[in-house]
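Take a look at the letters that make up each chain.
2 protein chains.
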Amino acid sequence: MDIGDFVKLELENTTYSGTVMPSLNEDTVVIKMKSGYNVGIDKKKIKNIEILESGDKPKYGLPPLNLEKNPKLKNISILSTGGTVASRVDYKTGAVHPAFTADDLIRAVPELMDVANIKGKVILNILSENMLPKYWVMTADAIKEEIENGAEGIVIAHGTDTMHYTASALSFMVNSEVPIILVGAQRSSDRPSSDAALNIIAAVKAATEPIKGVYVLMHGETGDTVCHLHEGTKVRKLHSSRRDAFKSVNETPIAEVNPFTKKVTYLREVKSQDRSKIKEVVLNTNLEEKVALIKVYPGIDSEILKFYVDNGYKGIILEGTGLGHTPETFFEGIDYANENNVLVAMTTQTINGRVNMNVYSNGRELQAKGVIPCEDMLSEVAFVKLMHLLGNYEFKEAKELMSKNIAGEINESINLEC
Amino acid sequence: MDIGDFVKLELENTTYSGTVMPSLNEDTVVIKMKSGYNVGIDKKKIKNIEILESGDKPKYGLPPLNLEKNPKLKNISILSTGGTVASRVDYKTGAVHPAFTADDLIRAVPELMDVANIKGKVILNILSENMLPKYWVMTADAIKEEIENGAEGIVIAHGTDTMHYTASALSFMVNSEVPIILVGAQRSSDRPSSDAALNIIAAVKAATEPIKGVYVLMHGETGDTVCHLHEGTKVRKLHSSRRDAFKSVNETPIAEVNPFTKKVTYLREVKSQDRSKIKEVVLNTNLEEKVALIKVYPGIDSEILKFYVDNGYKGIILEGTGLGHTPETFFEGIDYANENNVLVAMTTQTINGRVNMNVYSNGRELQAKGVIPCEDMLSEVAFVKLMHLLGNYEFKEAKELMSKNIAGEINESINLEC
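First to last, the sequence lines map onto chains A and B.
Take the first sequence: its position 80, counting from 1, is numbered 80 in UniProt numbering, and each next residue is one higher.
Take the second sequence: its position 120, counting from 1, is numbered 120 in UniProt numbering, and each next residue is one higher.
Next comes chain A alone, as it looks inside the complex:
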């Protein structure tokens, strides 16, 4: 019995069928069942082992599944950009290089067959820490192509490091009536605790919903219980390793998605889709790449800001302290940016809560120097939005739009209990 084999294990009172996974404990066999769920079985309790299908088969030797489309199910395209979530499929097919055809996906997560008609496509294969603005554009282009070719929902498999930056970029760049769901995994498939399969199932389910917009789907709790669907401009990675690392900030998630029952429970109002325009996609992928995100700290020197101005930067997001402040030591640099028509906008490093630059003198002075408050917008979203605005509008208009809601990134009031 080797890793990758599809086996039937007989125990005293029960039988398990599934694919043998790597196990961290040599006394235990880990089986991934068809449900996508893993079970660890004490080797001593196994009475009989039957190898139903060997995992040794070369990938390209697997016969095509020749699945016919189920007319009752929606057509969902899964686009892979790489990352931990995509590595699962690699593992299952035994391929070192990415493999993300519909057949690979169905073999890895057979349950997808019951949720949608699946199409798979690799558009990139990078670790998400290496995502670049040009790849956001490439992803937007791929989404447009899929939708125009009949996709009724899009799932983007993505590494988690920068998934929220990409979700934000797509929120500003893609206008369509189709749900676009980014999905990742915090644990790779060679670990019994992998969240990849359940997240993909829930993401595909979410992509079949009659909603539009860009969302992130990940585990909602550390356990395998429920997944959360987050608005693409209101979500952030808030833990380096936990499976529920992604959290909506200043907002509740959009919905809970149960990957077992496939039930979707909406937690707040959602943008519903206009089916009559389902194939219409308008992209705006212009980006000004000379934008920076600067976190301020005690004693930060004005020379730092001058460096950006002198090097052709057009916009700066300052991640300030508290309600949106910087040390006075930074004022000279801000004046210099303002004199040189560099757009400076303010978020807060408290992550949660809203910028309010009217409460203290520091905030009022900064506004007098031309700094724009970003309200309850996340720093990462503000960074992407400023690239988008400066890529499409003149300075004055970009400045006005920075503090106005475009894609769900600013709410007039925030739920203080979030």
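Keep in mind that a hint or two might mislead.
If chains are identical, the list can't say which one is meant, so a pair holds when it fits in one copy or spans any two.
[What the hints assert, rightly or not] For lysine to aspartate or glutamate, the following EDC-like pairs were computed, each having C-alpha atoms within a straight-line distance of at most 16 angstroms:
id: 1; residue 1: 290; residue 2: 301
id: 2; residue 1: 290; residue 2: 251
id: 3; residue 1: 134; residue 2: 328
id: 4; residue 1: 74; residue 2: 269
id: 5; residue 1: 134; residue 2: 301
id: 6; residue 1: 134; residue 2: 332
Honestly, the hints are just simulated from the structure, not real lab data.
Assemble chain B onto chain A, guided by the hints.
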């Protein structure tokens, strides 16, 4: 009846005594009672008003309280650096400039008399966004002086924007057997929801405990229920406006402090004090100020890092993505920093969780380039620690100490449920 007057208000069935506070609603009188708690009273329900003491009296005209020390209580020094928490006292005395004598404090929060023998001292009067490393040194010097003069506990009133940076700096700079408690307020005293009085009461209480080390004390919940005592190197401001904005990260708080019952409930082990050395203080206030904190983002340019190296910076904290990564676009800058003996260390912008640069190739490559993983250390703490290390040690030793625990900033394992 004017703001600042001490009054007795008779209602149908009850009587309230306290100081008249500004009210946001003209139909309501807000009274700050001696307990430090505010009550809003419908003007229509007031049957009789008696002005017991006019608030118009000039500050310097108030007679001294001539309080005698209670030998059963500890001697606590409250040092004010400014900020919202100190503005309360300003308001109460009618002074525009800071006033923070023991008498002012006792008049504002009479309950303190029952908790400790209070001494008050103004050492700075700045908004905490303007805190500078040299003010951290000034504060450390003031702490030493107070302890050598008999203070058995220290409370530092501080603005909240950068209170966690200061707590971290004092954690590395001050070695003593006395508890040092930083305290702030999220709402100023002219708002009925002010948390200033309760936080000060709980902070003074914590300063009387037989513990040592540097802590932050703030509301533990949005309501006036319980305060949390946080370890100075494990705490961060995580909301711009909520009263429970400060949270321990990757750890539980040290203790709950009930400002009403004065009960202190420890939630984990704490450093206990050696009473025999209570007057001994060793300071190490050397700081290398040429240290920067850089948050990385998709597409961040190596030229940015080169700017710091070329401008004499000696250390850089990178707030990376996920488990501690940067885009490959930044590698050239990191090589340049390494070649020029600039110490580069890595934290994570996920805030929660631990850096682990052994999991993905990106992290391993960064380590090969000399980047030091900061484990479960907060970015703000790592920034201060690097200033401290480079101010006291040679490059090689500083590099080794960066990933080792000195003042509670690194734990070997973290509670994943935090």
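A quick look at each hint next to the structure:
1. In the homo-oligomer, the alpha carbons of residue 290 and residue 301 lie at most 16 angstroms apart only across protomers (10 angstroms), although the nearest pairing inside one protomer, at 21 angstroms, exceeds that limit.
2. Taking the shortest alpha-carbon separations for residue 290 and residue 251, neither the intra-copy value of 30 angstroms nor the inter-copy value of 38 angstroms comes in at or below 16 angstroms.
3. In this assembly of identical chains, residue 134 and residue 328 lie within 16 angstroms of each other by CA distance solely across copies; the values are 14 angstroms between and 36 angstroms within a copy.
4. Within a single copy, residue 74 and residue 269 get their C-alpha atoms no closer than 23 angstroms, and across copies no closer than 56 angstroms, so neither meets the 16 angstroms cut-off.
5. For the identical chains of this complex, residue 134 and residue 301 are inter-copy neighbours only, at 14 angstroms across copies versus 31 angstroms inside a copy, given an alpha-carbon limit of 16 angstroms.
6. For the homomeric pair residue 134 and residue 332, neither the shortest alpha-carbon distance inside one copy (33 angstroms) nor that between copies (20 angstroms) is at most 16 angstroms.
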